[in-house]
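**Q** Position 544, counted from 1, in the sequence shown is what UniProt numbering calls 544; the numbers after and before it change by one each time, with no gaps.
These aren't lab readings, by the way, just hints derived from the structure by calculation. None of the values given here were measured: they were computed from a predicted structure. Every residue gets a Cβ at the ideal spot worked out from N, C-alpha and C, and that includes glycine. Watch out, some of these pointers could steer you wrong.
25 Å max Cα-Cα, derived SDA-like pairs, lysine to any residue [stated by the list, open to error]:
id	residue 1	residue 2
1	Lys359	Arg345
2	Lys359	Asp347
3	Lys448	Lys359
4	Lys448	Gln333
Label-pair restraints from in silico Cβ distances [what the hints assert, rightly or not]:
id	residue 1	residue 2	range
5	Arg285	Gly90	53 to 59 Å
6	Glu404	Gln425	29 to 35 Å
7	Asp60	Lys104	32 to 38 Å
8	Ala453	Ala344	20 to 26 Å
9	Gln456	Gln425	42 to 48 Å
10	Ser15	Arg285	49 to 55 Å
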Amino acid sequence: MKNNGPVTQRNVTFSDDVFLVSTTDLKGVITYVNDDFIAVSGFTRDELVGKSHNVVRHPDMPAAAFADLWQTLKKGESWRNLVKNRCKNGDHYWVDAYVSPIFKEREIIGYQSVRTRPTDTQIRDAEKLFKQLNADPSATMPKKRGFHDYSALLLINFGMLFLMAFQTFNLYLLFTSQSPLDAEHLIMGVLGLFWPIPMYLIVRSLFRPIKHTAAELKRIAAGYLRDRIDVKGRNEVGSIAESTKSLQARLITVIGEFTESSVTLSSVAEQLSSSSEQSVRGLERQTSQTEMVAAAMNQMTATVQDVARNASQTAEAVHQAQKQTAEGQQELQRTHAAINQLSARLDGTAKVIDTLRTKGDAIENVVKLISGIADQTNLLALNAAIEAARAGEHGRGFAVVADEVRSLAAKTQSSTIEIRDMIEQLRSGIVEAVDVVQQGHSQMENVKERATATEQALGQINTAVQHIGDMSTQIATATEEQSLVAEEMNRNITEISNQTETATRLSRDNAALGDQIAKLSEELQYIVAAYNLGIDGSKISSRQNARGRGSKANN
1 MKNNGPVTQR NVTFSDDVFL VSTTDLKGVI TYVNDDFIAV SGFTRDELVG KSHNVVRHPD
61 MPAAAFADLW QTLKKGESWR NLVKNRCKNG DHYWVDAYVS PIFKEREIIG YQSVRTRPTD
121 TQIRDAEKLF KQLNADPSAT MPKKRGFHDY SALLLINFGM LFLMAFQTFN LYLLFTSQSP
181 LDAEHLIMGV LGLFWPIPMY LIVRSLFRPI KHTAAELKRI AAGYLRDRID VKGRNEVGSI
241 AESTKSLQAR LITVIGEFTE SSVTLSSVAE QLSSSSEQSV RGLERQTSQT EMVAAAMNQM
301 TATVQDVARN ASQTAEAVHQ AQKQTAEGQQ ELQRTHAAIN QLSARLDGTA KVIDTLRTKG
361 DAIENVVKLI SGIADQTNLL ALNAAIEAAR AGEHGRGFAV VADEVRSLAA KTQSSTIEIR
421 DMIEQLRSGI VEAVDVVQQG HSQMENVKER ATATEQALGQ INTAVQHIGD MSTQIATATE
481 EQSLVAEEMN RNITEISNQT ETATRLSRDN AALGDQIAKL SEELQYIVAA YNLGIDGSKI
541 SSRQNARGRG SKANN
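Could you put together the complete structure from these sequences and hints?
**A** Here it is as structure tokens:
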């Protein structure tokens, strides 16, 4: 037997009008428990439903009791006895358990147990019996005795009456001289006199429990399901009482489940109504936001179209810039060639000027030589004049020649000075020309470098412009695709807006449906309230009031 943990041997009691109800499947797995069962056992609903029913089994319960229980249930019969169950905290509670099969289309689909509070005497008797059964593992539950049906009782009574009549007939013939026919008449008279007495007793014993059962059925029909129905005897009347108790137990179970389901339905209806109202508000906000998004999408579509046009124009402008850049590169290449030619000419000019400077130096040397010769000639002419003067008359002609030579030397010397000045001026011009050529050459080199740099920059610009052109083309293509996507999104948003309006309408319908379900649940609870199951009406009314407040809040 399963051990559910330690026990405290503290007894938990409950009132006489409390029913502990549970149902199980064919394997003993709990499918339903009512609130009273949960309150007394101390377990939660989640700890019970879906678990084996032996979760509440107490170790003091003998195995023979459960063996008798299952043996009886498998026959399709009801079982009643006292049971000691374990609470979650180790305490225990005694119940007068009435367990019966649940049928569907004449097949057993599960079992239900309706438990009430037993008397102290019943508990003492059960404790004594359970100690005996636990002490002797081979012992079994005692069987109830009695007549199985009234037909056997009537047959026995008729047999006894016949036997009494036959014995009376024989005694009468033995002690009297009457004929058998007269004796028979006498016996029939006596039987007719005494026959009503046993018949009255039999009918009384038959109809008294029937009347009691009929009264119980009337109270059940009137909604009183908490009356105790005691089954006495194993006969037809007892079978009727047993069936009545089964009906009562089934009604208690079904109405209890129905009550809790209606309360759950009411709660679900409240949640449905509340969530529907929230959905309506959310959908209304979504509708407003969708309209804003639709307006934004329209603006974005227009913007995308503008961007597409601008991108196309930019691509065309970039193409023109690329063309002009290519032309600029060609012009720079021609300029670079012209600069190279000019640089070559400057180099040639520099060489000519350098040659001219060299020849000027040679001329200056010749002029120096001529100047030296003129100085010497002048000196010689002076010496000749001196000698001519010494010669007197004979040297007069030579003196004239000496004067002419001296005059020529002086002119030569003067011309030499002029030539020297001209050479100096030419040299200065050559130096200036060299400087100018060098500066021009340097400037040409700078221009060449700048032209090269400009050509490279134009090449880079051309590459960048080409890249920009490619990107502009891609942007134009992507923008056109984006424009198509934006239009599709705009259509989708319009469809979403339409669907949102439909969903809003459906949510309002769901809210109205939730209100109808809640009203139906209230009506069902009022119907169930007609049956005296000990259900706390304040729970129903408080939930109804809470629902009313919630509806007002939502409205």
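**Q** Give a verdict on every hint.
**A** Here is what the structure says about each hint:
no.	hint	verdict
1	Lys359 / Arg345	holds (21 Å)
2	Lys359 / Asp347	holds (19 Å)
3	Lys448 / Lys359	violated (33 Å)
4	Lys448 / Gln333	holds (11 Å)
5	Arg285 / Gly90: 53 to 59 Å	holds (54 Å)
6	Glu404 / Gln425: 29 to 35 Å	holds (31 Å)
7	Asp60 / Lys104: 32 to 38 Å	holds (35 Å)
8	Ala453 / Ala344: 20 to 26 Å	holds (21 Å)
9	Gln456 / Gln425: 42 to 48 Å	holds (46 Å)
10	Ser15 / Arg285: 49 to 55 Å	holds (52 Å)
In the structure shown, a violation is registered for the earlier hint numbered 3 alone.
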